[in-house]
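Participant: The chain contents come next:
Protein chains: 2
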Amino acid sequence: MKFDPWAVKDVDNYSKLFKEFGIERFKYGEKFPDNRYFRRGIVFGHRDFGKIAQAIENKKPYIMITGLMPSGKMHFGHKMVADQMIWYQNHGANIYLCCANLEACLMRDIDAEEGKKLGIEEYLTNYLALGLTSKNLNFWFQTDYDMHYHQFRDKLAKRVTLNELKAVYGDLGPEKILSSLTQAADIIHGQLPEFSGKMPTVVPVGADQDPHIRLTRDIASRLRQWHDIELPGATFHRFMEGMQGGKMSSSDPKSYIALTEDSASARKKVMSARTGGRESLEQQKKLGGRPEECSVYQFYHYHLIDDDKELEEVRKQCKSGSLLCGECKKKCADLVVNFLEEHQKKRQKAKKEVKRII
Amino acid sequence: MKFDPWAVKDVDNYSKLFKEFGIERFKYGEKFPDNRYFRRGIVFGHRDFGKIAQAIENKKPYIMITGLMPSGKMHFGHKMVADQMIWYQNHGANIYLCCANLEACLMRDIDAEEGKKLGIEEYLTNYLALGLTSKNLNFWFQTDYDMHYHQFRDKLAKRVTLNELKAVYGDLGPEKILSSLTQAADIIHGQLPEFSGKMPTVVPVGADQDPHIRLTRDIASRLRQWHDIELPGATFHRFMEGMQGGKMSSSDPKSYIALTEDSASARKKVMSARTGGRESLEQQKKLGGRPEECSVYQFYHYHLIDDDKELEEVRKQCKSGSLLCGECKKKCADLVVNFLEEHQKKRQKAKKEVKRII
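If you read the protein sequences in the order shown, they are chains H and Z.
So for the first sequence, our numbering puts the first residue at 1; every next one is plus one.
So for the second sequence, our numbering puts the first residue at 1; every next one is plus one.
Be aware that one or more of the hints could be misleading.
If chains are identical, the list can't say which one is meant, so a pair holds when it fits in one copy or spans any two.
Below, a list of computed lysine-lysine pairs in the DSBU-like style, where the Cα atoms sit at most 30 Å apart [what the hints assert, rightly or not]:
1. Lys158 <-> Lys73
2. Lys355 <-> Lys330
3. Lys268 <-> Lys135
4. Lys247 <-> Lys158
5. Lys158 <-> Lys117
6. Lys79 <-> Lys331
7. Lys254 <-> Lys73
8. Lys268 <-> Lys31
9. Lys330 <-> Lys19
10. Lys330 <-> Lys51
11. Lys51 <-> Lys346
12. Lys158 <-> Lys116
13. Lys73 <-> Lys316
14. Lys268 <-> Lys73
15. Lys268 <-> Lys198
16. Lys198 <-> Lys351
Honestly, the hints are just simulated from the structure, not real lab data.
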């Protein structure tokens, strides 16, 4: 776990909860060394991933399902999920990708059509530019999909009680209830005979999402009386922190860099990011930097440096005090700007592909 | 109101409630004398029926919307609503007729496809045999309709609170919440631009349904910010009582006669129906019968004798003690059997028409 100082922190926080609820430590980094998030412990917990690993190894069908919330800009925090999805697509998954425009409408008052537009122009286009293809890709809008999905979602309403929903979602309104049923349908429906049929399913989620996964598994287990399905599994990842510390959030532009951000703005954000530097140059040279508290190092770790040795070199130099923050931020800004420029070129091509998918 | 002894009873019970909640007495029997239910005070209350009366008189468009619960047999209690619907169709309405197979699924565990089948074979076929035609008829299944309807229903989830739903529906589960949202969508969606557009709407319901109507009006009034719609109105009718007293209920075959019932069984039910007769022949001749407590008289009143003078004659003879229960039941049984035989012939034709409608 040495490459993920934050993950260690979080895993310690979560480990009790994990034991209690039956989440397992994720130990597939060595089996799938081409997955940076696996390898570096950013994905650090799972439910039933063993079935997915088997399916990948034996080239058997399985489902990876995730959703995008069409709200605000897609940023590097979101990129982690997109990258995982693309990895699964390259490893034989049936990709189920949902534009959560009903949830956006119910919970955030974003008009369903506006949500569709944003989902396409911002998120889906970025996913394609990142490498997602139309191969085995099932993309849908929660408000407007195959009738079997809508019917299935509605029927779930009698497979869960209000108290169960309250236990997971806290204070409830009809809009939350409908959103939560929709989430469960999103995750499970791919296994219906009208879609891909019974197969292992993985949902890559943040560690805070386990209650939802658990509820969905409970619902799925009740459905087994009528439908031959696997309980959906999950991987749990930790989120990137914001560039000023705290949460990386679509509602706070200072906390993130968007994938459509212009170079000047991106560079500026990196140069003013919170680092793990010391109070003075002198102190930093003496004590070394703190990569585990540095949002610049975090960018390397999650996105910008794929070579573990190179990353480790940066970490060592930082901790030894030989790599100072100014230089390091400049390096990071260059990498970010390079990435963005390449990515934004790819977006132009992706815009054409989008039409084939919808 | 003299033709409806029960209505008077009920109206007295309800009148306080009506005043409090703004329901008005229904006084359109003279304006529309061709409507037996209006004329006889079986429809005895309303909200906003004035707009419907105006639309009928001025030949302007309006909506009549009702639902059928695909559960058990369609009986004479249901026929009252079908007759009203047909009357509205003959008076220029856009007919919205919903097969409530989602509610049947959620609340009564009737499979959605089974509900569809029953809705068609039992209810819709009977409606057509009774005189409903495909003219301006919009028939749908709650589980499987235009996507705009499904989207509209889902969006209603944020226009109502859990407490409002609790106040109307009592103890709530997700299945009731979804059912109630669906009911509201059923009633309102016809006024959306994707359907008939803004126009007065009437929902013929039992008097006990006013809380649902009120809630739907509340939801509709909140929607006016986005949609140019009229608040849906309603008429309130009293239900037929069961043939042994108590409720006429699909779950108790002794309480009703189905429209597909065979003649022998129907005759038997009439002959053993609860009447308003006295303990002895002697007493009855002396005191007279009690039509207001007689389920046989009720059949005349609702369905079998359309001529008011003829009905009044029966009532007088009963009350004077000159018409005795045996003879009266035989007359009623003959009328029922005649009706059923004619109706069941019409059902054969209707079965072909059904296919054009779905």
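Participant: Which numbered hints are broken by the structure, listed smallest first?
Facilitator: Hints 2, 3, 8, 9, 10, 11, 13, 15 and 16 contradicted; others consistent.
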